[in-house]
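S.K.: Model the placement of chain B on the given structure of chain A, informed by the hints.
Number of protein chains: 2
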Amino acid sequence: MAEIPDLTSQEVAHFMDLALEEARKAEAIGEVPIGAVLVKDGQVIARGSNRREIDQEASSHAELLAINEANQTLKTWRLENTALFVTLEPCLMCAGAIINARIPLVYYGAKDAKAGAVSSLYHVFDDDRLNHQVKTYVGIKADESKSLLKNFFQNIRAQQKLRKQLRKVENLSENQGENS
Amino acid sequence: MAEIPDLTSQEVAHFMDLALEEARKAEAIGEVPIGAVLVKDGQVIARGSNRREIDQEASSHAELLAINEANQTLKTWRLENTALFVTLEPCLMCAGAIINARIPLVYYGAKDAKAGAVSSLYHVFDDDRLNHQVKTYVGIKADESKSLLKNFFQNIRAQQKLRKQLRKVENLSENQGENS
Numbered sequence: 595m596a597e598i599p600d601l602t603s604q605e606v607a608h609f610m611d612l613a614l615e616e617a618r619k620a621e622a623i624g625e626v627p628i629g630a631v632l633v634k635d636g637q638v639i640a641r642g643s644n645r646r647e648i649d650q651e652a653s654s655h656a657e658l659l660a661i662n663e664a665n666q667t668l669k670t671w672r673l674e675n676t677a678l679f680v681t682l683e684p685c686l687m688c689a690g691a692i693i694n695a696r697i698p699l700v701y702y703g704a705k706d707a708k709a710g711a712v713s714s715l716y717h718v719f720d721d722d723r724l725n726h727q728v729k730t731y732v733g734i735k736a737d738e739s740k741s742l743l744k745n746f747f748q749n750i751r752a753q754q755k756l757r758k759q760l761r762k763v764e765n766l767s768e769n770q771g772e773n774s
Numbered sequence: 595m596a597e598i599p600d601l602t603s604q605e606v607a608h609f610m611d612l613a614l615e616e617a618r619k620a621e622a623i624g625e626v627p628i629g630a631v632l633v634k635d636g637q638v639i640a641r642g643s644n645r646r647e648i649d650q651e652a653s654s655h656a657e658l659l660a661i662n663e664a665n666q667t668l669k670t671w672r673l674e675n676t677a678l679f680v681t682l683e684p685c686l687m688c689a690g691a692i693i694n695a696r697i698p699l700v701y702y703g704a705k706d707a708k709a710g711a712v713s714s715l716y717h718v719f720d721d722d723r724l725n726h727q728v729k730t731y732v733g734i735k736a737d738e739s740k741s742l743l744k745n746f747f748q749n750i751r752a753q754q755k756l757r758k759q760l761r762k763v764e765n766l767s768e769n770q771g772e773n774s
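Protein sequences, first through last, are from chains A and B.
First residue of the first sequence: 595, per the numbering used here; consecutive thereafter.
First residue of the second sequence: 595, per the numbering used here; consecutive thereafter.
For reference, chain A alone in the conformation it holds in the complex (with noise of 0.2 Å):
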């Protein structure tokens, strides 16, 4: 079996709160806001915050960029006795990199009902038919997560709608134009 990092309740706010930070960067550059922390011997080794729209990368998702980081840090694929935080349940792309890095631990904030591959559509990571299990924690901060997220679609359906409604405007004073 994998070492596994033995963190005490107060380190596990704190790395949650290092990862929220991480989503709010996403946050900023106009990202879903998702972010990770990778620890190891009580430090952070890697960040990773959502930037799949500016990178236009499918995989570049928070907890990937993290495992990537780390991988490159540490000189190697195998992040064990590691402890990774993410705001999101992470879905089957990011899931499957944490059981390849062989990650023996996840903290995670909300809930994924569309795509969580953890908890909600699958549970790969008590799947004994794979080479790896991981050790998971769900629910750490999730309200300061789900806050972040729904604030942002709820935004960007706000801007959608006045968009729509300058449109509107806009064709009407064409057609105004075209009339006069």
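Please keep in mind that the hints were generated in silico from the structure rather than gathered at the bench.
Check each hint, because a few of them may be wrong.
Copies of the same chain look alike in the list, so a pair counts if it fits in one copy or across any two.
Dumping the calculated DSBU-like pairs for lysine-lysine here, alpha-carbon to alpha-carbon at most 30 Å [unchecked claim]:
(1) 619 to 669
(2) 735 to 762
(3) 744 to 708
(4) 705 to 729
(5) 755 to 619
(6) 708 to 729
(7) 762 to 708
Please read these numbers as outputs of a predicted model, since none were measured by experiment.
M.R.: Then chain B, alone, in the frame of chain A:
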């Protein structure tokens, strides 16, 4: 429904040959021989061969590298109207990345009983709870892919056996040196 490329059986065989060529490139640098190509409008737009050990990156699988390259070339994370050819059944990470990139069509060679997420352990491409499904053809030139993998692992085991024998002989001559 996303547009799905329409390929002739000759094209399918040709593109899988190119994926097998990528697998041989992996083998040539000591990596597990797995290769992939991504095709759009009858042209290869990206290639990938497994580079996990040489990159020391958990995500350096053939499929993910091809997807990243295609995202960069086309400047979009949406790989609509493309087809992915890969010599081995995708793992959870790569299958998830294929879904995230909205690839509509996948042809793969050999099944992966230990980690395959498409028809062995999971069937994620048919999951209608997810926001994207993938049309899949299994077993394209599977024997060539299996044979590459089999030879690779036989070679690894042969090397391990010879190294063990060498160590024994080295220890023997060291001990003889000490006793003389």
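S.K.: Can you list which hints this structure breaks, lowest number first?
M.R.: Hints 2 and 7 not satisfied by this model.
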